[in-house]
Amino acid sequence: MLSRKYRYLIALAQERHFGRAAASCHVSPSTLSAAIRDLEDELGVAIVERSQTFAGFTAEGQSVLDYARRMASVEADFRLHLSRQAGDLTGRLRLGVIPTALTVVATLSAALARSHPHIAIEILSLNTDAILRRVHAFELDGGIVYTESCGGDDLDFEPIWQEQHVLIAGSKTGVGAMDAITWAQAAQLPLCLLTPDMQNRKTIDRVFDGLGLHPCPSIETNSIISMLAHVAVGSWCCILPRSVFDVVGAPQNVHILKLVEPAVAWQTGLVTLTRNPRPVGVEALILAARQLSAD
Numbered sequence: 000m001l002s003r004k005y006r007y008l009i010a011l012a013q014e015r016h017f018g019r020a021a022a023s024c025h026v027s028p029s030t031l032s033a034a035i036r037d038l039e040d041e042l043g044v045a046i047v048e049r050s051q052t053f054a055g056f057t058a059e060g061q062s063v064l065d066y067a068r069r070m071a072s073v074e075a076d077f078r079l080h081l082s083r084q085a086g087d088l089t090g091r092l093r094l095g096v097i098p099t100a101l102t103v104v105a106t107l108s109a110a111l112a113r114s115h116p117h118i119a120i121e122i123l124s125l126n127t128d129a130i131l132r133r134v135h136a137f138e139l140d141g142g143i144v145y146t147e148s149c150g151g152d153d154l155d156f157e158p159i160w161q162e163q164h165v166l167i168a169g170s171k172t173g174v175g176a177m178d179a180i181t182w183a184q185a186a187q188l189p190l191c192l193l194t195p196d197m198q199n200r201k202t203i204d205r206v207f208d209g210l211g212l213h214p215c216p217s218i219e220t221n222s223i224i225s226m227l228a229h230v231a232v233g234s235w236c237c238i239l240p241r242s243v244f245d246v247v248g249a250p251q252n253v254h255i256l257k258l259v260e261p262a263v264a265w266q267t268g269l270v271t272l273t274r275n276p277r278p279v280g281v282e283a284l285i286l287a288a289r290q291l292s293a294d
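Numbering follows numbering that gives the first Met the number 0, in which position 124 of the sequence shown is assigned residue number 123; successive positions increment by one, without gaps.
Worth double-checking, as some hints may not be accurate.
Each pair of labels, with its calculated beta carbon distance range [said to hold, decoys possible]: (1) D65 - R36: 17 to 23 Å; (2) D153 - L42: 25 to 31 Å; (3) R19 - D128: 18 to 24 Å; (4) R289 - S222: 27 to 33 Å; (5) G211 - P250: 28 to 34 Å; (6) P250 - N221: 39 to 45 Å; (7) S234 - V44: 53 to 59 Å; (8) A186 - A105: 31 to 37 Å.
Since the hints were derived computationally from the structure, they do not count as laboratory data. Note that CB positions come from ideal geometry on N, CA and C, so glycine has one too.
Please construct the entire structure, taking both the sequences and the accompanying hints into account.
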């Protein structure tokens, strides 16, 4: 099993702070620091850049960290493998999800729970770049992203949902009587959109760019809840996948309009790191995703 010293190193990389890393490991900062110094002595390399505060890892330290993360992933998969042999897959899976898929991902969780009721699932709201970075670093077992984000021979992608984007209009915007609206008309409305670093915003901007339109949103936020709250007070509109409302429903006093001219759909699904053989937990996730896409 992975030495506690390597686990301390992984915690330090996650927290970027000696005190917080120590707290997450339920030890004192001095204990964590001493363990990492012992590891440096054992390996004969400097792992951490020395400073009054955490200043990052040396090149050798980054290599040690990569090894530790990989070994932690192997150990977790080994424990899942043993539980499966005992007849009951038990353990924890970590899934990063783009904000626009946080509601629909519940259907994936439900499909996985039906097959493996004793699997615990940790779901984190992250942007696409963070998801891919953490999948590569073995910090996540998988992620929910758009298809177009999944380039690279070292990634596998299982399409699950086809996203139809809609305009959600507040009661004071004057478009409540309409059933559909063109992208050109939407560009003239007071918009509340996700921030430009979010993949959903990038795809929306590409549609507007293709029409020669460059709307300037009144509000930008990285929170879906904040977007819907602003629309709910009546003065703004936002553009989101319809699936955001499929499970939890739409807020009161808002209108949902189909976006047309053009009609655009995006594919969303499960991304995992290519490995042979696949880890037991990742295989369970993929099978659940395939079950959903087949339904």
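Now the hints, each set against the structure:
1. D65 - R36: 17 to 23 Å: holds (20 Å)
2. D153 - L42: 25 to 31 Å: holds (27 Å)
3. R19 - D128: 18 to 24 Å: Because 23 Å falls inside the window, the suggested range holds.
4. R289 - S222: 27 to 33 Å: Since the Cβ atoms of R289 and S222 sit about 31 Å apart, the hinted range of 27 to 33 Å holds.
5. G211 - P250: 28 to 34 Å: holds (32 Å)
6. P250 - N221: 39 to 45 Å: Given about 19 Å between the Cβ atoms, the range is violated.
7. S234 - V44: 53 to 59 Å: holds (58 Å)
8. A186 - A105: 31 to 37 Å: holds (32 Å)
Hint 6 from the list above is the single one not met by this structure.
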